[in-house]
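Could you build all of it, start to finish, from the sequences and the hints given here?
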Amino acid sequence: MVASIRACMNGSYPRGAGLARLYSRYLSGKLSEDRFEEGIREYMKKLFNLLSDVGINVFTDGMLRWDDIYNPLIRFVDGVEVDGLVRFYDNNFFFRAPKVRGELSIKENPIPKWFSEALSVAEDVFGSRDSFMLKQPLPGPLTLAEASINEYYRSYWSLLTDWRSKVLEPLIKELGKVGAKVVEIHEPSLVWGGTKKTRVVAGVKELGKLIKYCKSLGIDVWVITYFGYLGRVGKYLSELSEAVVGIDCFVKGAKKTPQRLVRDYGIKRVMLGAVDSRNTLMEKPKELSKLAKAVARVSGVEEVYVGNNAPMDFIPEVVAARKLRRLGRVISGLSKG
Amino acid sequence: MITVVWKEVELPVLPTTVIGSYPRPKWLREFIKGFRAGRYKEKHLKEAFDDAVITVVRDQEVAGVDIPSDGEMRRDEMVEYFAERIEGFKFYGPVRVWGNHYFRKPAVVGPLRYRGPMVVDEYLFLRSVAKAKVVKVTITGPYTIADWSFNEYYRSKEELASELAKIINAEIKKLEEAGALYVQVDEPALTTHPDEMDWAVDVINEAVKGVGIKVGLHVCYSNYRVLKPYFDRLKVSQLALEFANRGFRDLNILKGLNKELGFGVIDVHNRRVESPEEVARAIRKVMKIIDPKCLYINPDCGLKLLPREIAREKLKSMVEGVKLVRKELARKGIESIPLRKEVTCQ
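The listed protein sequences derive, respectively, from chains A and B. Those letters in the first sequence? Residues 807 to 1143, per my numbering, in order. Those letters in the second sequence? Residues 3 to 348, per my numbering, in order.
Misleading hints may appear alongside valid ones.
To be verified - The calculated lysine-lysine pairs, modelled on PhoX-like cross-linking and capped at a C-alpha distance of 20 Å, are:
#1 B:35 x A:836
#2 B:175 x B:159
#3 B:28 x A:836
#4 B:159 x A:1058
By construction, these hints were calculated from the structure, which means they are not laboratory data. Being a predicted model, the structure only gives us computed values, none of them experimental.
What follows is the structure, encoded as structure tokens:
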């Protein structure tokens, strides 16, 4: 049996000039909160219309309200102060780091409300909830722990555990209450060469616990990895067997092709990050479809998603839109024949 | 115009300088908007830029900065500006750098070619209006231009960066011919891909090859542990590094530095103005590792994202903090240092 192949959009969609202006006017007090919220909904609807037009019905809200994968989440966590700018892995992109100065615990926050609003905009565009899959992106426990400037926890392991159990799990529970069915956990630190092996192993275990917790709530989990080679954690991937696992297909020096990774590590549900969100070069349609088909044919693979390898903040909006159009066309073409 | 012969240049100990950019005055920002809307002619924009340079050099002089820059008044962004002046680049649109801040990231779509001087006129104008003996000219380095561009043409990033190194080298030599004494190559991207460090350092050395003036290298918001093994290999006389943003953690990596250090004491992403005492404390801390005769004092990075009045206050505080330490050094008979172009300072 050949697995199903679907196109998807992961993580952030670039803030275009109009949305950037909206933010700028809001942040400088020239725009009321109501007008700002209205503007966000308009831009989200524009994005969902684009996705609907190109046949992509598995997506996020584009993280239009987020500065990066950590902010604003870390502003809603007790025990955290928002610190100086830190480079996001090897990109010319920076985030404000969480400085941990007390015990972590999630505060009341608007993230579930934002999800609920995105769900309603998606329903306007796509119709019934069965016709699309809206994912809520969140940073993973290891990625949060690695980004933290820890001034409180005596042990790194407690910090890692608390990001999962005291921040992510309660938040996901609230998201479940407003209709979230899928959370997209971003874990670049899992495959990033700079993360210590012992931490990676502990990070995978925490993810395993998170997946189990989510399953108990009826919520599916995607673990998106990027900027590194998934083979690095290959032997631990059984912990993630219930989740959709993301592979960055543009990692330099990867020892195995995505199809070999999937086969050798028994990945049943995979997201192929085959659309490069760090270069303006357009993907070749033939290569995209060839890769997707090759992975779908691997024995034991049940679901194949094809999407952007990493957040799309790194390319201009015009290029991101062009890439999504091409992706949608190629994957729709596959299902037609 | 002040002409300075190299051997005559003496600076006060702990010379104060800026990294490069400075906030554009509000009226200039409005004028640029007007120009883009077609309300002003190009010659009027040039006049506005010149006036702005005079204004921000004056800000730096009032604050007491020893080595001013022109505040990069004419540059919207550090990679964009050079990409617009080198043949072979194309712009698709802005990309985000952090929060709600963006830059027009260029794409290399054809062979690169040096069209001629890019910042020599900037230097000549700055030189003509600044009272300081030495001024600083900044130029974005080849590795950072390559790293912050989309490469659609060259077979590898290394090949692209090598082409850029030839162009930057030609530009620095033009600056030298024009009389510049101090050029700072900005390489904020340098440590972002540790596996590329070997060839990245070669590319930077290629960009400064055969240059007979002082060359500094600015690297910020970076993992300095990745940079440390290359201190010796870099053919520059100074490393200007950011430390205030990281709360002066990581100073230990400076052990064994055999060059001058441009020590970042002002956080450019925080509007709180540091006190002179805080600045002095930080300098005393770094002096336990670096000889004061090998030390310059500067903000962490360009000041352009701050409101102008805050940038001005921060510079004043920086200079006042330096004065506190200079008094202590004067008691030990250390009062001045030469402007060095040598690649070591020990």
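Evaluation of the provided hints:
Between residue 35 of chain B and residue 836 of chain A, the direct Cα distance comes to roughly 18 Å. Compliance with the 20 Å bound is thereby established for this hinted pair. Using a Cα cut-off of 20 Å, the hinted pair residue 175 of chain B and residue 159 of chain B is violated, with the two alpha carbons roughly 24 Å apart. Using a Cα cut-off of 20 Å, the hinted pair residue 28 of chain B and residue 836 of chain A holds, with the two alpha carbons roughly 17 Å apart. As the CA atoms of residue 159 of chain B and residue 1058 of chain A are separated by approximately 12 Å, the hinted pair is consistent with the 20 Å bound.
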